[in-house]
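*Asks:* Below, each chain spelled out in residue letters.
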Amino acid sequence: MALQGYLAGIYRSVGRTVGTTVKQNLLDDPGFESGTLTSWSDTGTVVAQSGGSRGGSGFVAKGTDAGTGASLSQTVTLASALASDVACVAKVWAKMQTGKSALLTVVFKDDADDTLATKTMTITSTPSYSENGWGLWSMRITAPEDTKKIVYTFSSNADQTWYIDDCGLMLLQQILGATGELSASITVQTQDITTFASAAANSGFRSHYPVLRSGETITVRTFWSTDDTYQITEQEPVYVLLYVNTTTHERWEFWAYISGITQRFPLEGVREGDLTLTVEGDVGFTSAVAN
Amino acid sequence: MAERGYNYLIQVDTGTDSWDALRIRGGSFPEINQVHGSVDITAHGDTSLPWRTHLLTLYEAQNVTVNVLSGGDTSQALARTFLQSKIGDADGVALRLVDSSASAVVWQATYLVTGCTLRAPLDDAVSYDYGLLLNGEPATHFGS
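Taken in order, these protein sequences are the chains called C and H.
Here our numbering is used: the first residue of the first sequence is 1, the next is one more, and so on.
Here our numbering is used: the first residue of the second sequence is 1001, the next is one more, and so on.
If you are wondering where the hints come from, they were derived from the structure by calculation, not from laboratory data.
Ideal Cβ positions, reconstructed from N, Cα and C, are used throughout, including at glycine.
Where hints are given, some of them may not hold.
As the list claims (entries may be wrong) - Over the 12 Å line for every Cβ pair with chain C, so calculated as not near, a few chain H residues:
no., residue
1, Arg-1096
2, Ala-1102
3, Val-1106
4, Thr-1114
5, Val-1126
Stated by the list, open to error - Some, not all, of what chain H presents toward chain C, calculated at C-beta under 10 Å:
no., residue
6, Pro-1050
7, Arg-1052
8, Thr-1053
9, His-1054
10, Leu-1056
11, Glu-1060
12, Thr-1117
13, Leu-1118
14, Ala-1120
15, Pro-1121
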C-alpha cells in the first residue's frame, strides 16, 4: 500500500568565497549576535535587541514601522560570478504583528550591477508552524548564471513591530536522495518540577517543564548521489531540506553534519551507502515558497 | 487500566473553539495508566508486624506516544500541525480521549510535547510519532 511516500532530498550547501572567506551561509552576522547591525543596511527604525529570540538569550533584529517602511538589507558580493544556474535558498525566522505582513526579497545582479532576477516571498503573521509566535520562512529559488551580487532584503510597509532572526542565504546542490526507511527525530528534555505545593494543587500528579530541544541523528539508508564526482566527506556541513510532501511543500530545514558513512559494493548490484546526519542547531518547519 | 479500540478519538484543543481529532493510524490507542507511586515505609523494630507497609505518593501516569498520519482533512491537518508547533512549549497542549460512540470524554489533560519522529518510508504513508508527557492533574481522569 503506497499512500504518499515522498522522501528526503539532502542538499549540500555549496560554499562560496565572499571576500576572502569560504562561507556556507553567505550572509554576515545572520543572527545579529554581534549586537549591532554593522553588517546590514537599514531604513526606518531597526535595532539589534538582546533577548526576545525564539530561544536562548541571543540578539534579534527589531523593526518599528510607523507605516512609512522599515527594512534590513545585506548585499553579498561573490569572489567570482556563478558559471551556471545554481539552486539557492533564502530563509528567515520572523515574528510579525497579528494580521500584518512583510516581504523577503532576493535580487541577483551581475558584475555590472544589472539585475538578473528578483524573487520575493510574503511573510505573514501566520506561519505553517509557529514556535512561540515565530515562524520559519524559506524559499527555494535559482541563482542565475553570471550572478556576482545577491541582495537580501527584509522589508515591511505597514504600521507594526516585527522581529527577525537567523537569516540565511545558501547556494545548494542536491547531492543525496534516500531509497529506504528514513526517520528524523526531535527530542525535548524535561525536568520534573513537582513541589509540595504543586503536588497538592495537581491532586498528586507530577508537574514538568521542558528544558532543551535538540535534533537527533538521522540515519539515511541506501542513499543515491546525483553527482558521481561529488565526494561526501565526514563532518561536512550540509543544509538539509527534508521534504515530507512535495505537493504542499511541507518540509523540515536544518543544518547537519555528515558523521558516518558506510559503503557497500555488492558484486551483483549497484553501490550502496548509508550515512548519518547529526543535526546542528534548530530545526524549522515550513511550507513557504516564493511568490 | 487501558482504553483501547477503534471507537476512540484523540482530540486536540487547537484554540479555534473546537477540538480537532488527530489522524491516528488504525489499531489501538496508547495505553493510559494512572497509578499511585508508593514508598515502602516498613520500619524495623516492630516484630509484631512482619508484613510490609507502604505510603502512597504521587500519581505515576504513563507517558504516551501517538502515531499520527500526515494529511487527512482540514481538521486533522490542523490538529497535527498544532501539536507540532507545541514541541517543547512549556504551556503544552490540551488533549482528550473521546469515546465517539458514547460522545463521552474519557480522559482530558494537558501534555508537554516532548518529541517528534518523522517516519518517511517509500512504501507507506508519512507519519509522525509524538511523545507526550502528562503535566499536572488531568481535567478528567479515572479517579475523577
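*Asks:* Against this structure, judge whether each hint is valid.
*Replies:* Hints and how they fare:
no., hint, result
1, Arg-1096, "holds (16 Å)"
2, Ala-1102, "holds (25 Å)"
3, Val-1106, "holds (17 Å)"
4, Thr-1114, "violated (5 Å)"
5, Val-1126, "violated (5 Å)"
6, Pro-1050, "violated (29 Å)"
7, Arg-1052, "violated (22 Å)"
8, Thr-1053, "violated (19 Å)"
9, His-1054, "violated (15 Å)"
10, Leu-1056, "holds (8 Å)"
11, Glu-1060, "holds (8 Å)"
12, Thr-1117, "holds (4 Å)"
13, Leu-1118, "holds (5 Å)"
14, Ala-1120, "holds (5 Å)"
15, Pro-1121, "holds (5 Å)"
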